[in-house]
Amino acid sequence: MNSRPSTTGRRPRVGVDVAALRALRVDAPDGFVDSVLDGLGLNDADHLVTVQSPAGDLFVAFNDDGISAVMPAALFDDDPEKFAVHHRRESGRPLVAGNRPPTGLVAALRTGQATSLRYDLSGLSSFERAVLTKTLEIPSGEVRPYGWVAREIGRPRAVRAVGSALGRNPVPVLIPCHRVVRSDGHVGNYGLGVPMKRALLSAEGVDLERLERLADAGVRFLGSDTTAVFCVPSCTHARRIRPVHEVRFRTSAAALAQGYRACAHCAPVSVRDAS
Amino acid sequence: MAPQRASAVLDDLAGDVDAGYPAFVRAHAGAVYTTALRLSGSRADADDLAQETFIRAYKALQEFDADRVLSLESRAWLLTITLNLWRNALRRAARRPRETSARQVDVTDARRSPEAAAEAGENAELLVGLLRELPEHHRVPVVLRHIVGLSYAEMASVLECPVGTAKANVARGLDRLRALASPEKNKEVP
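Protein chains in written order, with the working numbering: chain L, 1 to 275; chain R, 1 to 190.
Possibly wrong hints are sitting among the right ones.
[What the hints assert, rightly or not] A few chain L positions that, by computed beta-carbon distances, are all more than 12 Å from chain R:
1. Ala45
2. Gln52
3. Arg157
4. Arg250
[Stated by the list, open to error] Restraint-style ranges between C-beta atoms, simulated for each label pair:
5. R:Ala153 to L:Glu90: 38 to 44 Å
6. L:Gly39 to R:His137: 14 to 20 Å
7. R:Asn84 to L:Gln113: 40 to 46 Å
8. R:Asp11 to L:Asp77: 48 to 54 Å
Hints listed in this document are in silico derivations from the structure and should not be mistaken for laboratory results.
A virtual CB, placed ideally from N, CA and C, is assigned to each residue, including glycine.
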């Protein structure tokens, strides 16, 4: 009687058309390509994570050799795809989503000490690598002049080249090129903009106004008459000198002549004297 | 993440297999994985099949000279490997039966928007169920043509048959699928 039996367990009607079939296409799951290439030892992609930092959210690219690129996410409208295009142009490598940040990255951003992280600086010249490796040694809260880096790596005349190398630092914030300043006490240029440089240094406790005042007065070094040690002004040891014991020097020669010894921590003899 | 043109991918591959292979895998991962998933019906089997396809392809490419690489019909060639691996797996399973139906059947692409997935999901789920009921000689042409989207020239290459035969097999597979989709029609025939 009922020509449309609804209780006989027939299956529901299924739309079989070209569009419905085409909708069964899928992308390979996340990690599939990586897994294939890892298995063949051919994985050329860098991994991308986004982490918080004193410079705002950072895009961080890394591979098995280490961290290869760092950029503020804001420069790419917080869009990982835009950063991927930039990264491919810069490094020649594609970028895929990473699961978690490299070991130690989050702690390094919290403390400002990123010396124990591994970096992939393979695209750089040996000079650029030397500059960045030396810059990595500058502790959080301290600054060194461009000339200091140049002397420390044995290229005392290459001050401008040091500046260019720092300008091409692929891993800013982590390798702290923001801690390299002009010998006249002014902060100098920065790839991510001078306001960012000042903000990063202030966040680390650097008293920029005081450093500029000292430099303007021709003071390059601070000594303590109790320890007879002299330092660059931002050195953690110089900051512990109480005003009554503070001795100011224009040149390292003057400090040495008065029987002061160079601080082993901040290597002040690599700083150019005031003229 | 920016895709490369197909000819550029082959150029790189012909120049240096190791240097060009990552882009080659990225270019074809979706087609290989879709084929593996829709033939096997399970994510776990699809993963194995697709991985193995790219391992076999890499080994084969080591032996190819540059001209052979440049004239490669990449997708058809890869899917021929997938198809052979799947048939071998079926044969092995038939000889040494174990529980294959216990493996979970995955249906929709999780990347689609929730709304689209919900709308398409129900039909997709039913359609995947029907596909699994299609015999191999019908399922393969339908999957390759209508899900993966091969041209008939590629179909002919993968199925090792003339283009006309490939077309006929796709049409028969689709008919069979439609018949499965509305069985009451068949039964109503007096």
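Evaluation of the provided hints:
The beta carbon of Ala45 of chain L sits about 7 Å from the closest Cβ of chain R, which is not more than 12 Å, so the claim that it is off the interface is violated. Separation of Gln52 of chain L from chain R is adequate, the least Cβ-Cβ distance of about 23 Å exceeding the 12 Å criterion. Even its closest Cβ contact with chain R, about 39 Å, leaves Arg157 of chain L beyond 12 Å, as expected for a residue assigned away from the interface. Chain R leaves Arg250 of chain L outside its interface by the beta-carbon criterion, the shortest separation being 54 Å against a cut-off of 12 Å.
Between Ala153 of chain R and Glu90 of chain L the beta carbons are some 39 Å apart, a value that agrees with the proposed interval 38 to 44 Å. With their beta carbons about 32 Å apart, Gly39 of chain L and His137 of chain R fall outside the hinted range of 14 to 20 Å. Checking the proposed 40 to 46 Å range against Asn84 of chain R and Gln113 of chain L shows it is violated: the Cβ atoms sit about 55 Å from each other. Look at Asp11 of chain R against Asp77 of chain L: about 33 Å separates their beta carbons, and that is not inside 48 to 54 Å.
The structure does not agree with the numbered hints 1, 6, 7, 8 stated previously, though it agrees with the rest.
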